[in-house]
Each structure stands twice: as C-alpha cells, then as structure tokens.
Amino acid sequence: MARILIDKLRHAYVQNPQKPEDYALKEMSLELADGGAYALLGPSGCGKTTLLNLISGLLHPTEGRILFDDTDVGQLTPEQRNIAQVFQFPVVYDTMTVYDNLAFPLKNRGVPAGEIDSRVREIAGMLDLGPTLNKRAAGLTADGKQKISLGRGLVRSDVNVIMFDEPLTVIDPHLKWVLRSKLKELHHRINRTMIYVTHDQTEALTFADRVVVMNLGEVVQVGTPVELFERPAHTFVGHFIGSPGMNALPCTVENGRPTFLGHAVPIPGEIRLPNDGGRLEIGIRPEFIKFSGLESGPTIAVEVTKVSDAGRFRIVETRAQEHRIRLLVPEGDPVPSGAAQLRFDPKHTHLYRDGWLVG
Amino acid sequence: MNKTVNQKAWFLVLPVFLFVAFNAIIPLMTVVNYSVQETFGNNIFSWSGVQWFQDTLQSDRFHASLGRQLMFTAIILAIEIPLGLAIALAMPRKGPWVSVCLVLMALPLLIPWNVVGSMWNVFALPEIGLMGRGLNALGFDFNYTRQPGDAWFTIVLMDVWHWTSLVVLLCYAGLVAIPNDYYQAAKIDGASAWAVFRFIQLPKLKRVLTIAILLRFMDSFMIYTEVQVLTGGGPGSSTTFLSIDLFKVALGQFDLGPAGAMSIIYFLIILAMSWVFYTLMMRNEAK
Numbered sequence: 001m002a003r004i005l006i007d008k009l010r011h012a013y014v015q016n017p018q019k020p021e022d023y024a025l026k027e028m029s030l031e032l033a034d035g036g037a038y039a040l041l042g043p044s045g046c047g048k049t050t051l052l053n054l055i056s057g058l059l060h061p062t063e064g065r066i067l068f069d070d071t072d073v074g075q076l077t078p079e080q081r082n083i084a085q086v087f088q089f090p091v092v093y094d095t096m097t098v099y100d101n102l103a104f105p106l107k108n109r110g111v112p113a114g115e116i117d118s119r120v121r122e123i124a125g126m127l128d129l130g131p132t133l134n135k136r137a138a139g140l141t142a143d144g145k146q147k148i149s150l151g152r153g154l155v156r157s158d159v160n161v162i163m164f165d166e167p168l169t170v171i172d173p174h175l176k177w178v179l180r181s182k183l184k185e186l187h188h189r190i191n192r193t194m195i196y197v198t199h200d201q202t203e204a205l206t207f208a209d210r211v212v213v214m215n216l217g218e219v220v221q222v223g224t225p226v227e228l229f230e231r232p233a234h235t236f237v238g239h240f241i242g243s244p245g246m247n248a249l250p251c252t253v254e255n256g257r258p259t260f261l262g263h264a265v266p267i268p269g270e271i272r273l274p275n276d277g278g279r280l281e282i283g284i285r286p287e288f289i290k291f292s293g294l295e296s297g298p299t300i301a302v303e304v305t306k307v308s309d310a311g312r313f314r315i316v317e318t319r320a321q322e323h324r325i326r327l328l329v330p331e332g333d334p335v336p337s338g339a340a341q342l343r344f345d346p347k348h349t350h351l352y353r354d355g356w357l358v359g
Numbered sequence: 001m002n003k004t005v006n007q008k009a010w011f012l013v014l015p016v017f018l019f020v021a022f023n024a025i026i027p028l029m030t031v032v033n034y035s036v037q038e039t040f041g042n043n044i045f046s047w048s049g050v051q052w053f054q055d056t057l058q059s060d061r062f063h064a065s066l067g068r069q070l071m072f073t074a075i076i077l078a079i080e081i082p083l084g085l086a087i088a089l090a091m092p093r094k095g096p097w098v099s100v101c102l103v104l105m106a107l108p109l110l111i112p113w114n115v116v117g118s119m120w121n122v123f124a125l126p127e128i129g130l131m132g133r134g135l136n137a138l139g140f141d142f143n144y145t146r147q148p149g150d151a152w153f154t155i156v157l158m159d160v161w162h163w164t165s166l167v168v169l170l171c172y173a174g175l176v177a178i179p180n181d182y183y184q185a186a187k188i189d190g191a192s193a194w195a196v197f198r199f200i201q202l203p204k205l206k207r208v209l210t211i212a213i214l215l216r217f218m219d220s221f222m223i224y225t226e227v228q229v230l231t232g233g234g235p236g237s238s239t240t241f242l243s244i245d246l247f248k249v250a251l252g253q254f255d256l257g258p259a260g261a262m263s264i265i266y267f268l269i270i271l272a273m274s275w276v277f278y279t280l281m282m283r284n285e286a287k
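Chains as they are written, first to last, in UniProt numbering: chain A, 1 to 359; chain B, 1 to 287.
Simulated from the structure, these hints should not be mistaken for laboratory data. Watch out, some of these pointers could steer you wrong.
Just a few of them, taken from the derived set where beta-carbon distance is under 7 Å, the chain A residues facing chain B [unchecked claim]:
(1) His60
(2) Arg81
(3) Tyr93
(4) Tyr99
(5) Asp100
(6) Val265
A few chain B residues that face chain A, going by a derived Cβ cut-off under 8 Å, partial list only [stated by the list, open to error]:
(7) Lys8
(8) Tyr182
(9) Gln184
(10) Ile200
These numbers come from a predicted model, not from an experiment. Think of the CB as a built atom: it goes at the ideal place given N, C-alpha and C, for glycine as much as any other residue.
Isolated chain B, as found in the complex (with noise of 0.2 Å):
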C-alpha cells in the first residue's frame, strides 16, 4: 500500500496550531524570557541565565510560601475528599429529594469566586460577621485578621464549603452508575455494609475519585482569588500562598526576571504533581 503524500493537509491544521501559538505558546516563551534576564525600564534587558531560578529556588520566601502551599492543599484534599464520598454516599437515589440535594450542592460552585471571599470575608469578621460574632459569643477569641490559626480556620473552612460540592456530584455520579445487581449479588454473598462499600463502591469509584482528587490538587495549588479578597495573605504572611506570593513579586515590586522564574517552577511543580498523582492511580488499571 502506497501512502498518499500530501502537504496541503497542514493547512487544515494551521488554525489550531495558531491558537494553541497565540494563547499558550506565546505567552509561556514571555514568560521564559523574562526568567532569563535582567529587566530595566525602556526595554532594555541583558542576560542573566539561570541567576533567577537559583536565587528563588534558595530563597527563604519561596520556601515559606511553598510550604503553606502545601500545608494547605493537603489539609483541604484530606477532608474535602472523604467528606464529599460520605455525602454522596448519604444522598439518597431516587425520589423527589435528588434535585433537592443535586441543587443545594450545585449553588456553592456558581458563585463567582471573588464573591465567596467577599461573602467569608464579612461573614468572619468578628465585629459584625454572623460566624466572627457567634464564635466570638460562645467564647473564642477569633479574628481572623489578626490571628494567624483564625484566619488559616476561616480559609479552609471557605474552600471545604465551596469545592466540597464538586466532590460530592463526582462521586455521586459515580455511584448511580453501578447496576443495582452488585447490590442484590453482594446481599447474596452476605456481605456486610463495610464490605460492600470496600469491594464494589471504592473500585467502581476509583476512577471518578481519580479526577476528583486531581482536579481538587490543581485547584487548591493555584488558589487566589478567594484567600486575596479575604485575608490579602495576611496577617503578615501567613497566608501567603504561591499565587498570592507570585503576585507581589511581579506585580508589587515589578520583578519581572524572578517571577518569570518562579512561575515557570510553580508550573513544573503542579505537572509533576499531577502526573505523579495520576500515575499512582492509575497503577493498577493496566493489568
């Protein structure tokens, strides 16, 4: 069989090659330009190498910032995740209260996000806030723009009440389409409710739970808007999160060379993730 050799055909692919070119590629080359040199006014640059990734890889700042990133989407996937799969193991099947449940667990995630921390921010406030006052009422010192714990509380708990839905209508999904003969089999078997959750749920959820646990990573990893509106990053930097950190330093201070450099190590930092995350998964599906 001959193949037909035929150049044309790259013309049908030069509209996607261009936008991939313009809204991906482009922007990513600014990036790695300014990661590599030293910027003055009046578009002057000159060469820097690697200058800017070893001084942000060694900077206590970067490391600060790195280690609440972390700290922070691992606290929210440890209690995001399993409180999602025992709600959505609770929400009931069939009847008039499934779009009931469906609806109150979709309205979190259609609110814009800078509105969620608009609405945390005066909710916790410990003046006038419903939550700062209350808690506040019943005893605790809580201010969560001075206390560094308050205000670490008052983001964790925002994001599990936001993003906690997304997990929920996963899973959810995720356990509607087993078919009802598991259940009678498994009834049949005489297994008890722990073994019928271990061996026909989880299985059948792993992959739903895959995403879940993916998209909750990336998610958190890359948190602004919300943590901005709320605390800013404050109080001092407490909540300085990479994004929040990224942001100061190429906006705040207009260090263009070390933000190139230190977007392009975020950015490293969240595909290794995902791919290690996805990769320890997904081991077994190959078999």
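The following block holds chain A by itself, in its conformation from the complex (with noise of 0.2 Å):
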C-alpha cells in the first residue's frame, strides 16, 4: 500500500539523449493517491506503457524520481517494488494447473503453505475460477487464462499497486463487460491501488475514478471523467473522449471576447491570454451546441449538410463558411434543412490557445 509520486520523470530508449524528440516520455509530475483507481488513456505510441513500466520497474528512468511513499524506488527492480503487473496477452504457466499458477508467486516468496492455500482459494473465489482450480491452465479461454493472470496480481496481499497493461485487448467483447465490472468490483473489495492502461475511452472511463490523459509523450490532463468531458484542458482531450469529439473553430480575440466569423463567442471565465499571439480556438462539444429557437442572444448562422441517426439522439453535421460544427439533437426534436442558426452554451464554450485551455 503506498501512494505513488512522480517527480520530474523523464524517460529515453535511446542512450545519451540529446534533443527533445528522443524522449518517448516528456518531464512530468504527477501523484496517485493510496488506493485510487486510475487509468492511463492514450492513443498507441503516446508512452503510457512507457510510463506503467518505468512505475512497475521493468524499465529505470533516464531522469527524475519514482516515489513510493517516501522510498525513491527507480532503480529497484520489479520484485523489491512489490507490484503486480496484468499484460495484454495472458501469461500463464502452461504445464502448471490453475491453482498452482495461483499459487507461484506466493511460493517463490517463501509464503507458508497454508496461508497459500487459504490466499489462492479466496483469489479464485472472486474470479470465479474454484472450478477449474485443479485442470492444467494450458486448457483455459482467453478470458479464463487472463483471469489467472489478474489472479495472481490480486494473490499477494501486500503489494503496492496493480498494474494493467491493455488487459482486455484479446477478450471478446461480450466478455469484456463482465472482466471490466469485475474490475472495478475487485477494487471496491481490496481496496488497492490500481492503475489500468488503454486507448479505448470506454475502459478508461468506466474503470476509473480519475483518469490521466497523455498524448505524444507527456501527460495532457488528469481529472475525474466529469471533468475531461466538460472542461478539457487541451483540444486533444476534447478530441479524444466523447463521440463524436469536440468541435474546435478558428476565432480571434476582439476587445477581451472570442470572436468566430464575426460573432462574439461569449465564454464563463476571465481569459488569461498573453500577447504573443499564438493560434486561438473556440472549443465547445456537441453535446453544448443546439439550434436556436426563440430565445434570444447571439446565434451563428450554419448550414446543415448531414444527419446520422445514432439511436437516442442524431449527430448533425452543419458548416459554417469552410468550418464544419457538429452537434447532438436528442431523438425527436426537430432538425432544421438548409440554413439554421446554432446557440452554443455559453457555461461549456472554452477558448484554447495553442491547443491548451486558457479560457
């Protein structure tokens, strides 16, 4: 059990890194609290594995500190770190039964027998696995072989934190819904600290109490879900949850307001922008956009180009000039052919600079 610190961590698979680029994980800083659930969201190649390993010891950092509680462990390996580490593709022991697959890492720590036995019966329980505990895991599913991988995560009682590295990659999708509640189910009973990888926003999402973004090797954003969806801290983020994602729209800033074709873009907050210029976008999610009836207020006029019906609401595509706006209509509300005007919610309307929020 420990809380996890990240202090200016930088990672190279290169020797003597000299540029920027040759860090496939840029500074960061970041802390996991004692017994959180978290998740590592990204698409491929943004280092989050980087990441999970340079935390689990299988890789040591170029620069910077990993700190579990107060112990810097970065140069200590995988079995002094005492973390347990769940991989995409199911490792089992082929030649060994489910029990004693179970049972192997408490064995080659010296555990005595019967507390083995009680801890691996227990383990099973929860998995579901005491049927099979005496057939050979060479004979198991997908699913069932991935459960002994998660199983012998969980059959330590003292580690640190459990890692998942994309687990339910080779699952069929039926069964991923079971494995991802029984996850989440897992952390509510132990109560440990938990960090699961993916690219898929719906695991990271449903798995996770706060969820940390990352994006071309450096992390973009850490919040709860709620938070990612309605106030992203960067377009990527904006892009990258929520389907379909954020629209983004060139503007300018005109006496303090964002201004988009012309209209001023009214937005919540202060806007802290230095002069240096920079590109500016509005960012609003099509969840925040709808079409104007009556009320008044400044409205954008768009033209509609396409609706596709997504069940219990329809993702209408409209354009403005050469910039394309799309927003939810909830099922059987009116969509409005050819011309139309589009209100934006002034509370969720954002103004980036550079891809980074700054109002």
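With the hints in hand, could you dock these two chains into one complex?
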C-alpha cells in the first residue's frame, strides 16, 4: 500500500538523449493517491506503456524520481517494488494447474503453505475460478487465462499497486464487459491502488476514478471523467474523449471576447491570454450546441449538411463557411434542413491557445 | 444433400500416385521380394519364406551392430540435445552478434557429409592431424585407426560437431518466439532463473525439442557416410553400425536375401522407435 509520487520523470530509449524528440516520455510530475483507481488513456505510441513500465520497474528512468510513499524506487527491480502487473496477452504457466499458477508468486516468496492455500482459494472465489482450480491452465479460454494473470496479481496481500496493460484487448466483446465490472468490483473489495492502461475511452472512463490522458509522450490532463468531459485542458482531450469529439473552431479575440466569423462568442470566465499571439480556437462539445429557437442571444448562421442517426440522438453536421460544426439533437426534436441558427451554451464554451485551455 | 459421384477425380491423383509408386512402393517391394527368396545368378529365385528374417534376428553379428547403433544414438542424443539447448540459451537475442552466431552455427550443416568424414579423418590422424598429433603430444596414446575407444571418441566428437548446430538453431527459433510478456510476468512473480527455464522456456520449447530429438534420432540411427569415410566400420568391426553392416552384407558379400530382410527389420525399428518417441513426448498435448 503506497502513495505514488512521480517527480520530474523523463525517459528515453536511446543512449545519451540530446534533443527533446529523443525522449519517449517528456518531463512529468504526477501524484497517485493510495487506493485509487487510475487509468492512463491515450492513443497508441503516446508513452502510456512506457510510464507503466517505469512505475512497475521493468524500465528504469533516464531522469527524475519515482517514490512509493517516501522511498525512491527508481532503481529497484519489480520484485523489490512489490507490484503486480497484468499484460495485454494472458501469461499463464502452461504446465501448471490453475491452482499452481495462482500459488506461484507466493511460493517464490516463501509464504507458508497454509496461507498460500487460503489466499489462492479466496482469490479463485472472487474470480469464479474455483471449479477449474485443478485443471491445467493451458486448456482454458483466453478470458480464463486472463483471469489467472489477474489472479496472480491479486493473490499477494501486500502489493503496492496493481497495473493493467490493456488487459482486455484479446477478450471477446461480451466478456470484456463482464471482466470490466469484475475489476471495478475487485477494486472496491480490496481497495488497492490500480493503474489501468488503455486506448479505449469507454474502458478508462468506466474503470477509473481519475483518468490521466497522455499524448505524444506527455500528460495532457489528469481529472475525473466529468472534468475531462466538461473542461478539457487541451483540444486533444476534447477530440479523444467523447463521441463525436469536441468542435474546435479557429477564432480571434476582439475587445477581450472570442470572436468566430464576426460573432462574439461568450465564455464563462476571464481570458488569461499572453500578448504574443498563437493559434486561438473555441472549443465546444456537440452536446452543448443547440439549434436556436425563439430564445434571444447571439447565434451563428450555418447550413445543415448531414444527419446521422445514433439511436437516442442524432449527430448533425453543419457548415459555417468552411468550418464544420457538429451537434447532438435528442431523438424526437426537429432538425431544420438547409439554413439554420446555432446557439453555443456559454457555460461550456472554452477558449484554447495553441491547443491549451486559456479560458 | 446428395454427394456428387464423379470417378474422373481419380485421374487428378494419378500423377502423385505414380510418383509415389515409382519412388517408394516399387523399390520397397523389390526389397521385400529379395527378403523372402533365395537368389542365384542368372535371375534364378526360389521361395525361402521367413528364413532370412529368422537368420538375421538370431545372428550375433546383427545383434552386435544393433547394439553399437543403439549405443551410438543414445550417446549423441545425450550430448547434442542438452548441449544444443544450452548454446541456444546462451546465444544473444538481439544486436549484431545474432547474425554472426547464426552463420557460425549454420556452417557445419552446409558441409557435405563425405567431406565431414574426410576432414575428421585427416584432423584426427595421429601422425599428421592437428587433433591426433595434439593429443599425442599432450601424452595421450591416441590412435583411432587402431584403438576402438579412440575411434568411438572421434566419431562421437565428429557427430556432435556436425549436428549440434541443428539442435541449437531449432531451440533458438523456439526461444525467440516466446513473447517478452512471459519474462516480465515471471520477473514480477519473483521467479528464479531456474523457474523461468523450468516453467516458461522448457514448456514452450517442447515442440521444437520433440522435432530435434526425432530428427537426431533418425539421422544418427541411419548414420553411414561420415563413419564409412572416417573408419570404414573399424578397427575390426568396432564401429560397424547397422547401415555399414547392411552395406557389407548387400554389396560386399552380395547376400541379397539376408540384406533385404535386414533392411526391412532396420526400417521397422526406426519407424517403431520414432512412433514411441513422438507418442511419449506428445502425451500431454491433447489434454
């Protein structure tokens, strides 16, 4: 059990990194509270597995420190760090039974036989592996094997953190859902820090209390699922989370107000804008745009170009000059054809400069 | 559903059937013919039943050759399989040395068998060979042309030199195919190096090891060229293995009947033992 502190961490796979591009993981500081459920979310190649392997000790950082409570574990082995990790492809010891697979990490650590037996049976019970305990692990299906991998992580009662590296990739869709709820349930039961790496926003948002969004080797935002949805710190988060993603519309700032195609667009807070220019964008999620009815207030003239039905709502694509704006219209609400007026919800409209949130 | 009956399909398999007939069945039947007949010159044959089989199975000479053959195969399997596995484990997995190692390993396999025999023949000669002279200079009384023990030593060494690479290459291919996740998981589970070998590498190598053992068993059981060139079966008959004995019976003495019977027995032994090996090693695979 430990709080994990990542302090000015950087990592490069090449020897003697010189340029910033040499670093697979750019400098980052991060604190993970004890007992939390975290997700590392980002596209392939964003450095999330690198970060995970740095925490688990399979890699040693080029620069910076990793602290478990007050101990610097940067140069320790995975065994010394006392962590558990579940990999993308299920790892089972083929020649052993399910029971021996689960007992293996305990046997290696010299735990007394009686304690091993009770731990193994308890974990097997949690994972519904009880009936297969005496079968050979090689004969199980992919999700059964992944449960064994998971069980080997859970069986040690004293691990500091359990890490999952895209553990559901090879699992059938209907079992994915079952295993995901199982994981969530296990987190509540054993109350241990868990870090879950994935590129699937649904997995991340359903599993984690706090999500760490990564892109191009750096942490873009850390927040609860609601924060990521309502206040994306970067247009990348806006695009990556949500379906469809956030609209990003180029704009200018005139008289201290963001202006899009000549229309002033109100935003909730003050704008903190340095004077040296940069690329400015308005960010607004499709959920927060409406066709304007009779309400007063500023509107934006658009042309409806495409409507696609997504069940409980429709995704409407519109065009304002060369800019595409998408919005969601609930089932049953009318969708105008041709010319229309859009209204942005001022509480959920944000201003971005060079991608980063500034107001 | 009605199955279409079309006998013309047989014509499509005819070429394969003819090929197999001419290159396997007919030659084999010739041997079977010889094995049950007494042969005289001028193409005169007379039926002799299982006489040659009885003679062969009861002959001391056959027992001795078979014993030597079994001994030889057992020795080289006991050396080449563990040694090949150990070398494969010690070989680098990445970096520039991989290709160097692979080329070095492949070299002995590329040399024609009779050349291997000649090489070792010269190499081990006590008067002029590097190994032969070297051993004598070190104080060993080494002469493979006169002393049976030295002849065996040289043949075993030659076979190990020639064929361990095959085991190495097979095992190496198997090792490289093990995903890195297994090693990482083992590290996290706190497994010792021995446990990694015992529970990850060995089980994953089971199939390639089965192939390696089968190939080495069959090849060593049929060894002929290298030994024929190196010792010609001597000194005396101390290195006369089954194939060399068969050659002597068939073409030295021209006893076609006994040679035919011996060939068939030889063939059946290899077939039976390969089957036993394979069944034993794959016993748990089906579960």
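Evaluation of the provided hints:
no.: 1; hint: His60; in the structure: 13 Å, violated
no.: 2; hint: Arg81; in the structure: 9 Å, violated
no.: 3; hint: Tyr93; in the structure: 5 Å, holds
no.: 4; hint: Tyr99; in the structure: 14 Å, violated
no.: 5; hint: Asp100; in the structure: 9 Å, violated
no.: 6; hint: Val265; in the structure: 49 Å, violated
no.: 7; hint: Lys8; in the structure: 45 Å, violated
no.: 8; hint: Tyr182; in the structure: 5 Å, holds
no.: 9; hint: Gln184; in the structure: 5 Å, holds
no.: 10; hint: Ile200; in the structure: 7 Å, holds
The structure fails to meet hints 1, 2, 4, 5, 6, 7 from the earlier list, while all remaining hints are met.
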